[in-house]
Structure formats: C-alpha cells, structure tokens
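> Let the hints inform the model, and build the full structure from the sequences given.
Spelled out from the first residue to the last, the chains are:
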Amino acid sequence: MSLLKEPDYGTPPKPGPAVVDVEIDGLPVTVAEGTSVMRAAALAGVDIPKLCATDRLDAFGSCRLCVVEIDGRRGTPASCTTPVAPGMSVRTQTPKVAKLRQGVMELYISDHPLDCLTCSANGDCELQDMAGAVGLRQVRYGYQGQNHLDATADRSNPYFDFEPSKCIACSRCVRACGEIQGTFALTIEGRGFDSKVSAGAGESFMDSECVSCGACVQACPTATLQEKTVLQLGMPTRSVVTTCAYCGVGCSFKAELRGTELVRMVPHKDGGANEGHSCVKGRFAFGYATHPDRRLKPMVRERITDEWREVSWEEAIGTVARRMREIQAAHGPDAIGAISSSRCTNEEVFVVQKMVRAAFGNNNVDTCARVCHSPTGYGLKQTFGESAGTQDFRSVAAADVIVVIGANPTDGHPVFASRMKKRLREGARLIVIDPRRIDLVRSPHIEAAHHLQLRPGTNVAVVNALAHVAVTEGLVDKGFVADRCEGFAEWAAFIARPEHSPEAVEGITGVPADELRAAARLYAGAPNGAIYYGLGVTEHSQGSTMVMGMANLAMACGNLGRDGVGVNPLRGQNNVQGSCDMGSFPHELPGYRHVSDDAVRTVFEKLWDRPILADPGLRIPNMFDAAVAGSFRGLFVHGEDIAQSDPNLQHVTAALTAMDLVVVQDLFLNETAKFAHVFLPGASFLEKDGTFTNAERRINRVRAVMKPKSGKHEWQIVCEIATAMGYPMSYTHPSEIMDEIASVTPTFTGVSFELLDKLGSVQWPCNPQAPEGTPVMHVDEFTRGKGKFVVTAYVPTDERSTRKFPLILTTGRILSQYNVGAQTRRTENVAWHREDILELHPHDAEVRGITDGDTVRLASRVGQTTLRAHISDRMPTGVVYTTFHHPVTGANVVTTENSDWATNCPEYKVTAVQVGLAI
Amino acid sequence: MSHVISEQRMANQIAANQRHLPEADAVAAVAGHIDRFWNSFLRSRLYALVDAGAAGLDPVVVKAVERIRT
Chain A
1 MSLLKEPDYG TPPKPGPAVV DVEIDGLPVT VAEGTSVMRA AALAGVDIPK LCATDRLDAF
61 GSCRLCVVEI DGRRGTPASC TTPVAPGMSV RTQTPKVAKL RQGVMELYIS DHPLDCLTCS
121 ANGDCELQDM AGAVGLRQVR YGYQGQNHLD ATADRSNPYF DFEPSKCIAC SRCVRACGEI
181 QGTFALTIEG RGFDSKVSAG AGESFMDSEC VSCGACVQAC PTATLQEKTV LQLGMPTRSV
241 VTTCAYCGVG CSFKAELRGT ELVRMVPHKD GGANEGHSCV KGRFAFGYAT HPDRRLKPMV
301 RERITDEWRE VSWEEAIGTV ARRMREIQAA HGPDAIGAIS SSRCTNEEVF VVQKMVRAAF
361 GNNNVDTCAR VCHSPTGYGL KQTFGESAGT QDFRSVAAAD VIVVIGANPT DGHPVFASRM
421 KKRLREGARL IVIDPRRIDL VRSPHIEAAH HLQLRPGTNV AVVNALAHVA VTEGLVDKGF
481 VADRCEGFAE WAAFIARPEH SPEAVEGITG VPADELRAAA RLYAGAPNGA IYYGLGVTEH
541 SQGSTMVMGM ANLAMACGNL GRDGVGVNPL RGQNNVQGSC DMGSFPHELP GYRHVSDDAV
601 RTVFEKLWDR PILADPGLRI PNMFDAAVAG SFRGLFVHGE DIAQSDPNLQ HVTAALTAMD
661 LVVVQDLFLN ETAKFAHVFL PGASFLEKDG TFTNAERRIN RVRAVMKPKS GKHEWQIVCE
721 IATAMGYPMS YTHPSEIMDE IASVTPTFTG VSFELLDKLG SVQWPCNPQA PEGTPVMHVD
781 EFTRGKGKFV VTAYVPTDER STRKFPLILT TGRILSQYNV GAQTRRTENV AWHREDILEL
841 HPHDAEVRGI TDGDTVRLAS RVGQTTLRAH ISDRMPTGVV YTTFHHPVTG ANVVTTENSD
901 WATNCPEYKV TAVQVGLAI
Chain B
1 MSHVISEQRM ANQIAANQRH LPEADAVAAV AGHIDRFWNS FLRSRLYALV DAGAAGLDPV
61 VVKAVERIRT
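Read top to bottom, the protein sequences are chains A and B.
FYI, in UniProt numbering the residues of the first sequence are 1 to 919.
FYI, in UniProt numbering the residues of the second sequence are 1 to 70.
Think of the hints as simulated: they come from the structure by calculation, not from any bench.
Quantities reported herein were computed from a predicted structural model and do not represent experimental measurements.
Treat the hints with care, as some may be off.
Below, a list of computed lysine-lysine pairs in the DSBU-like style, where the Cα atoms sit at most 30 Å apart [claimed, not checked]:
1) A:Lys-422 to A:Lys-5
2) B:Lys-63 to A:Lys-788
3) A:Lys-709 to A:Lys-228
4) A:Lys-478 to B:Lys-63
5) A:Lys-269 to A:Lys-99
6) A:Lys-788 to A:Lys-758
This is the structure we're talking about:
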C-alpha cells in the first residue's frame with residue numbers, strides 16, 4: 001500500500017440527515033443542516049484551499065484562504081465558518097477569491113523559510129500544497145522585513161521538535177491540544193505579529209503540561225511540529241493500517257514506513273476506537289520492537305543456573321514437547337499447563353488454549369486477565385449474561401452523568417479519556433469514586449461534581465449505599481426493572497436495609513453521607529448515566545461483588561441498553577477482552593461456555609478430535625500453589641512476565657523454581673525468563689498478523705509491518721509444539737484460525753478477516769442476527785434474557801492496617817509507562833518516569849520524617865522494597881500509592897496472596913504496609 | 001504461606017460472601033461455586049482439610065463439601 005492519506009473535509013460532520021440542497025460550482029450536493037460550505041464542497045468533490053481548517057477541529061476562520069463567493073450574498077465569506085443554506089449556490093474559484101488567496105499566501109510565505117527542498121515536510125506540507133493550489137508565483141514583499149526566521153527551536157521532547165520559524169500561527173496545534181486531547185497545554189502567546197505558539201507559560205514542551213499525545217504534531221500543516229524520526233529518516237512512503245499493542249482502547253494506527261523501516265505511527269482517522277487520536281505510548285513508544293535487548297533465537301538450558309544456549313527452532317520445540325510429555329508421564333496429565341497473554345492476538349491465544357486442551361489434555365490454561373479483569377467476566381456474566389462491557393466508546397458522547405470508579409483514564413486509557421473529557425467539557429457531570437485524587441477530579445475545564453474519596457477496600461459498601469439511595473428515595477426506573485430484570489424485590493429489600501444507608505457506612509468508607517447521597521441522586525436522576533471502571537474495582541477481595549453491585553445500580557436506574565449509559569470496564573491490556581473471549585480461562589471454552597457443558601464440549605471434541613475434560617483447570621495462583629506442592633511441574637508462559645506482574649512474588653518465584661520445565665515465549669529475557677529452561681523468541685505487534693479485541697468488544701486487524709524477526713509467527717510456534725507432542729495443529733494463515741474461532745463461537749459466527757478488511761473493525765456479537773456487529777449490547781433484552789439483580793453483601797477484606805503496618809498501599813499505572821514496563825522502559829518514555837515512586841500524604845510523610853525525594857523502605861507482611869518518596873496530597877492520609885513498571889522496585893514483592901473470592905483476581909489495591917526512611 | 005491455608009482461606013472467603021443467605025442457600029451457593037470453578041487439585045486438598053477435622057474451616061464450607069461429595 002502507498003502512503004494512506006485520509007480525506008480531510010475541512011470541518012467536522014454535523015449530525016442528522018442530509019436535507020439541505022446546495023450547489024458548489026454547479027455541482028449539486030445534499031448535506032446535513034449546519035454543515036459548512038467547505039465540507040459541502042469537499043463532499044461534492046471540490047477542495048477549497050485551506051490552512052487553519054481540518055475536519056478534526058471546529059472551524060476557526062483565521063487563515064482566510066478558504067474564502068468563496070455565494071450568489072446573492074455580499075463579500076467573500078470564509079467557507080469553513082459559513083453554514084450551508086437551502087438553495088445556496090457557491091462559487092469556489094473566481095478571479096476575486098483567487099486574488100485574495102494569493103494575497104494571503106504571499107503574506108504567509110514572506111515570513112516562512114524557503115527551504116522546501118531540505119525541509120522535513122517536503123511533500124507533506126499543506127503550506128507548500130496551498131502555495132501551489134492558489135497559483136502563487138511571486139512574493140512582492142520580499143524577505144528582508146521583520147520575520148520569525150530566527151526563532152529558536154525547542155527540541156526538548158524526545159519524540160518531536162518544535163521549529164517556530166516554520167509556524168504560520170494557524171492555531172491548529174493549540175486547538176488540537178484543547179479540543180481533541182483536552183489538555184490545553186498549548187496557547188498562542190502575544191498579539192498580532194508577535195503571536196506565537198507556546199507550551200504552557202513560555203516553558204519548553206518537556207517542562208510544560210504537554211502529554212506528548214501527538215495531536216499537535218498531526219494537526220500541524222507545516223514542519224513546525226515534526227516527529228524526530230521523520231527528521232532523521234525522511235518522509236514515509238507507505239502505510240500499513242494496524243492496531244496498537246498497549247492498552248485496552250485498541251487504537252488504530254497507520255504504521256508509516258520508508259522501505260522496510262518504520263518511520264512513525266500515525267493514528268488512523270477511520271479507527272473506530274480512536275477516530276484519529278493517540279497517546280504517547282501508541283504514537284511514539286514503538287522503539288522497543290527493534291530494541292537490541294530483543295532475543296531472536298530460541299535458547300535452552302538444563303538448569304536455571306546454567307548459561308543459555310542458542311539452539312535451532314527444531315531443537316527448542318522438540319525439547320519443549322519432549323520434556324512436557326516426560327513430566328506428564330511421570331506426574332500425570334494435569335502436571336503441565338500454560339498461561340496465555342492479553343498482549344497476544346486472538347489467533348495466538350486461541351491456539352494456546354487449543355494446545356492445552358487438545359495436546360496437553362487438560363484445562364490448565366489461564367490468562368493474565370486473571371490478575372486484572374477476571375471479576376468483570378464473572379460479574380457481568382452473572383448479571384447481564386455476557387462477560388463484556390455494554391457500550392462502544394462513542395457512547396460516552398451521549399452520557400449526561402459519568403461515574404468513574406477505580407480507574408484513572410487520563411493515565412491508563414488516555415485516548416478514551418479524551419473522548420470523556422470532551423463530553424465533560426460539553427456539560428456532562430462527573431462523579432469520581434477513588435481513594436486517590438486522579439487528574440480527572442480537577443483538570444482544565446473539568447471539575448468533578450463529586451469525588452467520593454473512599455477507603456481502599458470499601459467499594460461494595462459505597463455502591464450498595466448508592467443503590468440504597470436510589471431505592472429508598474424512589475429513584476428506581478420501575479418500568480425498566482419490571483420489563484427487563486428479575487430478582488429486584490429481593491435485592492431491593494436487601495439494599496433498603498438501614499445498614500446500607502450512606503450514613504451507616506460513612507464510618508466504613510470514609511465518604512461523607514451527604515456527598516454520597518448527592519452523587520447517588522445525580523446518577524440515578526440523569527437521563528443517561530454511564531459507569532466506567534478499572535482495576536480499582538476488580539483487584540479487590542470483592543472485585544466480582546463490586547462488578548455485580550455496579551450492574552445492580554445501572555439496572556435499577558435503567559441505565560442500560562442505549563447510547564450514553566452502561567457498565568463499561570476499561571481493560572488494562574490491548575487484548576484482555578479477546579484473550580478472555582478465546583477460552584483462556586480454565587473453566588471456559590471460547591465464547592465463555594463452561595467446560596462442564598456436554599453439548600459445548602462435544603462441538604470442540606468433534607472439531608479437534610480429542611476429548612475435552614469437564615473439570616476446570618488450574619487458575620494461575622492455583623498453578624503456583626500446585627507447583628510448590630510438587631504436583632504441577634511444567635509451564636508454558638506466553639508473553640507474560642508473571643515474576644514481575646503477579647502478587648506475592650516470593651511465592652511466584654518459589655513456584656517457578658520448583659518446576660521441572662518453564663518455557664517463556666517473549667520479546668525479551670524478562671524476569672520470568674530467569675526461571676525458564678526454554679526461551680522462545682516472540683514477535684512484536686509490528687510483526688504480527690491477526691486480531692485484537694478491545695474493551696468495547698471491537699475486533700481490529702493487526703497487520704504485519706515487517707516479517708517476524710525470529711523467523712516464525714507465534715501461532716506457528718504453538719502449533720509446532722502441539723504437533724511435536726503428537727497432536728497435529730496446522731494453519732497456513734491466521735485467517736484460518738479466525739475461521740475456526742467463528743465456526744465454534746456463537747458470538748463470532750460472522751467474523752472473518754474478509755469482513756474486518758471490509759468494515760475496518762466489528763464489535764461482537766457478530767453473527768446472522770448482527771452481521772455488522774453490536775456497538776451497544778442488551779438493547780431489547782439482556783443476553784441472559786432478564787437482567788439479574790444479585791445481592792451484594794459487603795464483606796470487609798482480611799487485609800487490614802495494623803500497628804505494625806498502619807498504611808494501605810494501592811498500586812496503579814501512569815501515562816508514560818505500561819504494566820511491567822518491558823516495552824515502555826525500552827523507549828524514550830523513560831524521560832518521564834525513570835523509576836517507580838511512592839506517593840504519600842504530607843501528614844504520613846511528616847510523622848515518619850520523610851521529605852520529598854527521600855529513599856524509603858516499603859514493607860508489608862510478605863516482603864519489602866525501597867523506592868523514592870513523593871509527597872502529595874492526592875493521597876488521603878493512611879493511603880500510599882505506587883506503580884509497578886520497574887523490576888528493580890518490584891512493587892509486587894509487597895503485595896499479598898489475598899484475592900477476589902470468586903475469581904482469585906489478586907487484591908493489588910489493598911496491602912497493609914509500613915513506610916520508613918531507608919537506612 | 002502454605003497451600004493448605006490457601007484452600008482454607010479461599011473457601012472461607014466464598015462462604016463469607018454468601019453469609020447473607022439462609023444457611024441452606026449459602027451451603028448450596030458455596031458448593032455450586034466450588035464445584036463449578038475449582039479444579040480437582042483444589043477440591044481434593046479442601047476435602048483433605050475437611051477429613052482432617054476441618055480446623056479453621058467455616059461450617060458452611062464443611063457442609064458444602066459434604067454436599068459436593070454426595
């Protein structure tokens with residue numbers, strides 16, 4: 001494919017049907033009311049010259065290049081700011097407007113470097129294009145007058161340069177930062193000739209509030225804001241549309257290459273999840289894929305104390321197969337298993353669980369979703385009948401009240417956060433339920449109506465109290481409940497009990513009762529109330545209960561089944577949803593169907609020609625327990641770093657050390673590989689061909705930008721292991737794997753690579769009932785028929801602060817880093833976050849004699865580590881916070897074995913700790 | 001942390017989350033959950049705990065185990 005450039009219609013589309021007939025240069029076109037003349041012209045196939053206009057930003061009307069003449073009207077209005085009117089006849093090219101445009105361009109060019117041939121944007125410069133489009137042949141003013149050509153460049157950002165001498169002050173960058181990203185880091189400083197783009201109050205980009213999302217770079221029509229990779233490598237010449245491998249937003253990108261070299265990642269305007277926006281990780285942090293730390297050859301060693309020995313693929317795969325079978329022969333068929341990854345494609349995950357079930361002959365497969373969103377799968381399945389979020393991301397644009405619970409979207413899911421912030425700037429009200437004062441609580445043009453700063457571990461008490469207010473104050477949507485739900489009476493009687501009132505639980509939750517009541521009234525009374533949540537909900541001893549509690553609340557208030565509402569998990573990794581969909585849990589076959597279901601097993605047994613066990617397999621923590629007990633002895637770890645990401649690392653490492661065979665397939669020799677006997681090199685997302693499914697159930701294509709550097713696709717390696725174990729698995733292309741998935745998974749029946757290539761993406765369920773997918777679920781009825789109210793009793797966690805460990809540690813993610821940091825630590829993103837930091841309240845710091853920047857010891861009952869302290873009143877007293885991106889810190893050394901009662905999802909968010917100055 | 005305690009802790013936790021139910025319902029819920037989501041390795045270790053006197057186990061868990069086994 002050549003370089004893909006999406007059409008730019010100049011101004012955003014207007015909602016509503018096309019009802020206004022106009023004529024552009026004699027060409028008839030019918031557009032929606034409110035559409036600009038510029039957009040109508042573009043839709044008619046007439047491009048009006050423009051510089052300050054782009055269809056991702058509201059019309060600005062500053063460059064005056066897009067002037068037109070309209071029959072019956074005086075003057076030459078700007079087509080970007082002039083809406084169409086019925087019967088309007090527009091002339092886009094007349095001697096009068098041509099002269100005006102040439103005059104405008106003369107002024108621009110008189111203050112612009114004439115270095116086109118050596119400019120990094122040569123060939124991709126709208127100023128250059130417009131000079132040609134308006135027929136500029138001379139600049140009468142000369143170039144000797146006052147100009148900006150000596151303006152100093154700002155090269156502080158690791159990913160892009162700011163070259164103000166090339167700036168035409170069109171404000172596109174400033175507007176992109178505000179309108180698209182919602183950060184408002186940029187401004188136009190000065191007036192008239194002195195106008196200039198400024199990051200913050202005259203700071204460098206790096207020192208400013210800029211979050212390096214790249215929106216300004218993308219919006220810039222010249223080389224003023226340019227990726228450093230373009231400066232170094234030149235303008236790319238071809239594009240491959242693919243999907244980001246970071247968070248669960250699943251942004252679509254154009255990987256732009258020059259030859260075989262990846263020059264830049266540009267967010268794809270047609271991407272359903274991101275619609276042309278990006279964050280610093282997806283946009284810029286792809287350098288890890290070619291990092292020298294990558295291991296590209298298979299390696300084997302007898303003992304974990306031995307040196308690695310590079311071997312052929314045949315030897316590595318043969319070793320895995322042989323030793324796995326030896327373990328089974330000696331210790332039984334259940335003595336081996338696998339952990340699949342949410343960073344891998346659906347096709348890769350599917351073949352891993354198939355290998356386990358058909359070749360290993362057991363159900364010992366689990367996925368890293370175990371440690372993040374397994375309670376989502378459980379809770380939403382119980383209440384709604386489907387283990388998935390209810391909405392598409394676009395839905396937030398119709399929300400009137402947004403509740404964010406245990407999530408930090410501006411850091412964890414920044415591109416979705418930008419959508420959310422846009423809606424909040426439009427007037428939607430915000431309720432944040434989080435112990436920590438996340439950025440959303442108060443950021444430019446946004447202020448939460450209520451921040452319920454609850455004590456960690458009291459989510460269920462809070463959600464029950466919210467529901468209590470809805471039920472006891474007559475805020476229940478009785479019609480919705482009567483028509484669509486079951487179990488209401490029992491649940492309502494439970495939730496209406498006095499012990500669930502805000503006043504009764506205030507002492508438990510720490511949330512003032514009047515604040516909680518006000519928040520409940522706001523959500524329950526909203527025309528459209530939407531709940532978005534993250535791991536602050538799931539990673540608790542009552543994670544599953546809390547998911548069901550939110551589902552109860554949404555059903556009671558009738559907030560399901562249409563745009564603007566719903567219960568929406570913000571998934572941590574790119575393919576958490578997909579890896580769960582693909583049957584990675586030890587109790588479920590693809591499509592969330594329990595292994596005990598004879599009919600379901602029969603489908604797979606016929607297809608795979610092997611018996612499937614009806615008994616659930618081991619979950620990840622059970623695998624560790626069984627390994628320490630000596631009954632589980634062989635593990636295939638596919639793209640996960642369990643020795644860094646899982647809780648209670650001493651126990652994890654004891655388990656890994658106890659095993660006879662640990663196989664790690666990864667890009668890098670990660671922490672887990674220290675315990676491995678076989679290392680199989682993996683492929684980065686740039687080398688993969690397949691699909692990811694994001695948090696809104698959107699199945700997106702992942703297309704290979706380059707061949708696998710190891711020489712093999714990951715799905716191929718898994719198939720070869722299974723084959724070497726005596727169970728032939730063979731596909732010639734990942735589309736065949738998707739075809740197999742579709743053949744056995746009712747919610748995927750209509751999915752194929754062909755369909756995805758045609759539609760761009762599709763949200764499951766995609767089947768004959770919904771051939772183009774399902775953006776919003778449970779519209780007319782719930783997947784299970786009636787939505788089920790489940791009684792959600794609050795049970796305090798066993799993890800309590802004590803005299804010895806008086807503080808509660810909660811963990812999370814920050815914008816520039818991603819999970820265990822294996823990817824982002826190998827990029828320039830370390831410029832923002834070189835180490836994990838412990839945030840603690842000034843009071844907690846003062847009583848311990850800790851000052852900002854001190855190195856402190858963080859200890860729990862299971863372990864301790866050291867890290868630097870940052871004193872911050874974001875935290876309430878008694879609660880400390882850190883990230884887990886750096887292995888040297890090993891934050892999970894201190895997290896415990898406590899877990900969700902229903903799913904064993906670890907309780908990362910509540911660990912009793914003590915903090916003191918490191919000696 | 002020994003694994004025996006893991007099963008005890010997990011099972012007691014399931015029972016604690018069903019404590020709002022009448023005992024017979026709680027027993028059924030705990031039994032159903034363990035039967036549906038626990039692997040035979042975990043179940044066998046839990047049974048062993050019960051057989052060894054059920055020390056530290058919630059009575060609802062003990063009854064749930066009896067129910068699963070019958």
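> Now look at each hint and say whether the structure bears it out.
Tested hints:
1. A distance of roughly 25 Å separates the Cα atoms of Lys-422 of chain A and Lys-5 of chain A; the hinted pair therefore holds under the 30 Å criterion.
2. As the CA atoms of Lys-63 of chain B and Lys-788 of chain A are separated by approximately 27 Å, the hinted pair is consistent with the 30 Å bound.
3. Straight-line distance between C-alpha atoms of Lys-709 of chain A and Lys-228 of chain A comes to about 25 Å, which keeps the hinted pair within the 30 Å bound.
4. Restraint check for Lys-478 of chain A and Lys-63 of chain B: not satisfied, since their Cα atoms lie roughly 39 Å apart, outside the 30 Å limit.
5. For the suggested pair Lys-269 of chain A and Lys-99 of chain A, the alpha carbons sit about 33 Å apart, so the restraint of at most 30 Å is broken.
6. Between Lys-788 of chain A and Lys-758 of chain A, the direct Cα distance comes to roughly 37 Å. Violation of the 30 Å bound is thereby established for this hinted pair.
Of the numbered hints stated above, those contradicted by the structure are hints 4, 5, 6, listed in ascending order.
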